[in-house]
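Student: Based on these hints, arrange chain B on the given structure of chain A.
These protein sequences, in sequence, are chains A and B.
Every position in the first sequence, counted from 1, becomes a number in this note's numbering once 1424 is added.
Every position in the second sequence, counted from 1, becomes a number in this note's numbering once 1424 is added.
Do not rely on the hints blindly, as some may be mistaken.
Note that identical chains are pooled: a pair holds if it fits in a single copy or bridges any two copies.
[Claimed, not checked] Within a straight-line C-alpha distance of at most 20 Å, the following computed EDC-like cross-link-like pairs (lysine to aspartate or glutamate) qualify:
id, residue 1, residue 2
1, Lys1432, Asp1467
2, Lys1433, Glu1567
3, Lys1606, Asp1580
4, Lys1433, Asp1564
5, Lys1433, Glu1460
6, Lys1448, Glu1521
7, Lys1432, Glu1450
8, Lys1433, Glu1560
9, Lys1432, Asp1564
10, Lys1606, Glu1521
11, Lys1606, Asp1568
12, Lys1448, Asp1580
13, Lys1432, Asp1462
14, Lys1433, Glu1581
Everything labelled a hint here was simulated from the structure, so no lab data went into it.
A quick note: this is a predicted structure, and the numbers were derived from the prediction, not measured.
2 protein chains.
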Amino acid sequence: MMASRGWKKLSTDIVAETPLFTMKRERVVNPRNDHEFDAYVIDLSDWVNVIAITPEREMVFVRQYRHGISRDTLEIPGGVIDPGEDAVAAAVRELLEETGYSSERVQHIGTVDAQPAIQNNALHTYLVIDAEPTAELAQDHGEDLRVELHPLDSLDELVRTGEISHSMMLTAFHWLTLYFRKNGSI
Amino acid sequence: MMASRGWKKLSTDIVAETPLFTMKRERVVNPRNDHEFDAYVIDLSDWVNVIAITPEREMVFVRQYRHGISRDTLEIPGGVIDPGEDAVAAAVRELLEETGYSSERVQHIGTVDAQPAIQNNALHTYLVIDAEPTAELAQDHGEDLRVELHPLDSLDELVRTGEISHSMMLTAFHWLTLYFRKNGSI
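Excised from the complex, chain A in its bound form:
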């Protein structure tokens, strides 16, 4: 079902290289009409995001500046998987670095393609239960994070009001919804 109907790649060249991603231009042929055109693809490492819930049923968020929209967002912690790193290790590390929280109870709840029209990377979502503060933040030079706790029960309202406005947060919350539908709420 998932195979393509024979798209041909004629050539690939590099358009731009940055520390975080490489942009490629691919010359492709549409099998439906033999139309030839340029497709653009961004090479990125896989990403993780982490839904961390405290024993008091609060979720752990970070507020941070986002360069794409030039303003702050409220997000769950997450980031880029390092070369050779397991996704689960990256989830544990990003949670600890960005929020200072950790727990033994870490589980994978879903994986998607981040943006298959133009990117080739996956986004893995982890659920961390009984998260507690165990360390100071360890921010990168390029980060300016503030940790916030919000009740799990306020999550829908945070989304409806636009306080949370990042598409991939909703992706994670949908995995959480499916988890709760299958396992019952925590």
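Tutor: Below, chain B alone, put in the same frame as chain A:
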């Protein structure tokens, strides 16, 4: 709450221009530590996606090749808002062009930032009820689409099995979940 803590942009230059997006490099200063570095931002038009449901409670999907991952995906219809076009008009147009379906019952159910870390565009989700086939497909030269109907009740299973694997489909389904929680299922 949403204002930033004073990130400064020192300069902006264009790294790459394509028909679909412009990539910019911004020299920025972190207010926390005065660290200066390059942030990359992709300028994109806003996107719409459309959850279309037939009178028989089936959802209207398109299967298509995605260049980012070099294989086919199962997605709801959607695309780029044209210059000067209303989001709702784009939703109606994309649904009709990509699937041949339409309806009078079109409503906006949510908007997010598509990927605020590196992009500046929004993603608007529309719900179309009583969608029925009213036209032939009108595919772009670069598209090779096939229309599929799946029962609304099979949606969770399509996500769990990975048959639907695009993060922004889950974003749309989460808006649908919030809509159903507030208004009851349709």
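Student: Compare the structure with each hint and give your call.
Tutor: Going through the hints against the structure:
For the homomeric pair Lys1432 and Asp1467, the shortest alpha-carbon distance inside one copy (19 Å) is at most 20 Å, but the shortest distance between copies (28 Å) is not. For the homomeric pair Lys1433 and Glu1567, the shortest alpha-carbon distance between copies (15 Å) is at most 20 Å, but the shortest distance inside one copy (38 Å) is not. Taking identical chains as interchangeable, the C-alpha atoms of Lys1606 and Asp1580 lie at most 20 Å apart whether they share a chain (19 Å) or sit on different chains (10 Å). Taking identical chains as interchangeable, the C-alpha atoms of Lys1433 and Asp1564 lie at most 20 Å apart only when they sit on different chains, with a minimum of 19 Å there against 38 Å within one chain.
Only within a single protomer do Lys1433 and Glu1460 lie at most 20 Å apart by alpha-carbon distance; the minimum there is 10 Å, versus 39 Å between protomers. In this assembly of identical chains, the alpha carbons of Lys1448 and Glu1521 never lie at most 20 Å apart, being 32 Å within a copy and 28 Å across copies at closest. In this homomeric assembly, Lys1432 and Glu1450 come within 20 Å of each other (Cα to Cα) only inside a single copy, at 10 Å, whereas the closest approach across copies is 35 Å. In the homo-oligomer, the alpha carbons of Lys1433 and Glu1560 never lie at most 20 Å apart, since the shortest distance is 48 Å inside one protomer and 29 Å across protomers.
Taking the shortest Cα distances, Lys1432 and Asp1564 sit within 20 Å of each other only across copies (17 Å), while inside one copy they are farther apart (41 Å). For the identical chains of this complex, Lys1606 and Glu1521 are neighbours neither inside a copy (31 Å) nor across copies (36 Å), given an alpha-carbon limit of 20 Å. With identical chains, the CA atoms of Lys1606 and Asp1568 are never at most 20 Å apart, being 37 Å at best within one copy and 36 Å at best between copies. In this assembly of identical chains, Lys1448 and Asp1580 lie within 20 Å of each other by CA distance neither inside one copy nor across copies; the values are 38 Å within and 34 Å between.
In this assembly of identical chains, the alpha carbons of Lys1432 and Asp1462 lie at most 20 Å apart only when taken from the same copy (12 Å versus 35 Å across copies). Taking the shortest alpha-carbon separations for Lys1433 and Glu1581, neither the intra-copy value of 45 Å nor the inter-copy value of 33 Å comes in at or below 20 Å.
The structure shown violates the earlier hints numbered 6, 8, 10, 11, 12 and 14.
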